[in-house]
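Peer 1: Numbering (UniProt numbering), first residue to last: 1 to 309.
Just so you know, these hints were derived from the structure itself, not from any lab. Please note that a few of the clues may not be correct.
What the hints assert, rightly or not - Here are the simulated distance ranges between beta carbons:
{"no.": "1", "residue 1": "PRO190", "residue 2": "ASN168", "range": "27 to 35 angstroms"}
{"no.": "2", "residue 1": "GLY29", "residue 2": "THR98", "range": "51 to 59 angstroms"}
{"no.": "3", "residue 1": "GLN236", "residue 2": "LEU181", "range": "30 to 38 angstroms"}
{"no.": "4", "residue 1": "GLN166", "residue 2": "PRO190", "range": "32 to 40 angstroms"}
{"no.": "5", "residue 1": "GLY192", "residue 2": "GLN166", "range": "49 to 57 angstroms"}
{"no.": "6", "residue 1": "VAL191", "residue 2": "GLN166", "range": "38 to 46 angstroms"}
{"no.": "7", "residue 1": "SER150", "residue 2": "GLY29", "range": "54 to 62 angstroms"}
{"no.": "8", "residue 1": "PHE148", "residue 2": "GLY62", "range": "52 to 60 angstroms"}
Owing to the predicted nature of the structure, the values given are computational and were not obtained by experimental measurement. Every residue gets a Cβ at the ideal spot worked out from N, C-alpha and C, and that includes glycine.
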Amino acid sequence: MSNGDGLRVKSSQNGMNVQVGSGSGILAGGSYINDEAIGFQINVASAVQDRKDSIGLRMDTGARETYLYYKAGDTTVARNDTTFELQLATIDVAKNATQVSDANITDMRGNSSVCGWSTPFDNINVDGMVDQYKAIFEQGENDFLVWFDSMKDQLSTDAAGNLQNQVNDLKTKTNENTAELAGLLELVYPVGAYYFSSQPTEPATLFGFGTWERVKGRGLVGVDESDSALSSGGKQGGSTNPLSQHTIAPSSGQFVVARGGGNQHWSSGGAPTASYAMDTEKSRITVGDNTNHNNWQPFEAAYIWKRIA
1 MSNGDGLRVK SSQNGMNVQV GSGSGILAGG SYINDEAIGF QINVASAVQD RKDSIGLRMD
61 TGARETYLYY KAGDTTVARN DTTFELQLAT IDVAKNATQV SDANITDMRG NSSVCGWSTP
121 FDNINVDGMV DQYKAIFEQG ENDFLVWFDS MKDQLSTDAA GNLQNQVNDL KTKTNENTAE
181 LAGLLELVYP VGAYYFSSQP TEPATLFGFG TWERVKGRGL VGVDESDSAL SSGGKQGGST
241 NPLSQHTIAP SSGQFVVARG GGNQHWSSGG APTASYAMDT EKSRITVGDN TNHNNWQPFE
301 AAYIWKRIA
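Make the full structure from the sequences, and use the hints.
Peer 2: Here it is as structure tokens:
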């Protein structure tokens, strides 16, 4: 069967149809020649179970005829006094199938137990070669299955699915870490805690929790239970310190009395001998100039928030 298409069976790519290509065959002293493709319609698939059909070449000595045949649900090869068959292919028909593809067709021409190749020369047995290639493919399939079993824990249905699973796991872990970090920060900044920064970003934006209130223009002073103004956290207040003679720096002035061209004086305990008129050159000395008193310590401004909820 070496001429034409060698009587190869293949799908018609049209529903439940196959075709046998051109070629020739020699069987039990008889011969068959076909110069064009011949089509076969495969029976409707069962709704409850799979089925295996076959297509072959039959020589019927009683009818003195050689022809192609199709068997539904039968893969046996008849060889008796009146019938000699060569099986060309088997066809797997899955339940509820609506189309036969080349993947459903198994080529049996190289199997000498049901068909086999023939040449004008000595009969060549290629069973060993077919078995060898079959073993190679089976070994490759087995190796793949072993590898795939070892990768099942790492791969889902495919690499893309596995990658998506890893991304989802990473998102889950990130969310968990974020929640843990927020929980830790809530321990560091409970209600009533203060947050300081040189940047104006609100803590609620940074941390994702809490209600915060700005503290503006005020410094923080430690609580002192013995002082009513400082007896508890959160109290606000202030005090004034008026300046008096005792809280300003000492200063000196001069009071000058002049009469005529010179000064008159008398000794202690004595009495003046005449009346004198005195001209006052300086009668009052002014101390201070009413400038504001600066009592700020050196400072650096910062944004301060207090958590209130």
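Peer 1: Each hint should be assessed against the structure and marked as holding or not.
Peer 2: Hint check:
Taking the beta carbon of each, PRO190 and ASN168 are about 34 angstroms apart, inside 27 to 35 angstroms as hinted. The hinted window of 51 to 59 angstroms between GLY29 and THR98 is violated, with their beta carbons roughly 42 angstroms apart. At roughly 33 angstroms, the beta-carbon separation of GLN236 and LEU181 lies within the given 30 to 38 angstroms, and the hint holds. Against the hinted window of 32 to 40 angstroms, the Cβ-Cβ separation of GLN166 and PRO190 comes to about 37 angstroms, which satisfies the hint.
Between GLY192 and GLN166 the Cβ separation comes to about 43 angstroms, which falls outside the hinted range of 49 to 57 angstroms. The supplied range of 38 to 46 angstroms is met by VAL191 and GLN166, whose beta-carbon atoms lie about 39 angstroms from each other. Separation of SER150 from GLY29 is about 55 angstroms and conforms to the stated range, judged on CB atoms against 54 to 62 angstroms. Evaluation of the 52 to 60 angstroms hint for PHE148 and GLY62 yields a pass: the beta carbon distance comes to about 53 angstroms.
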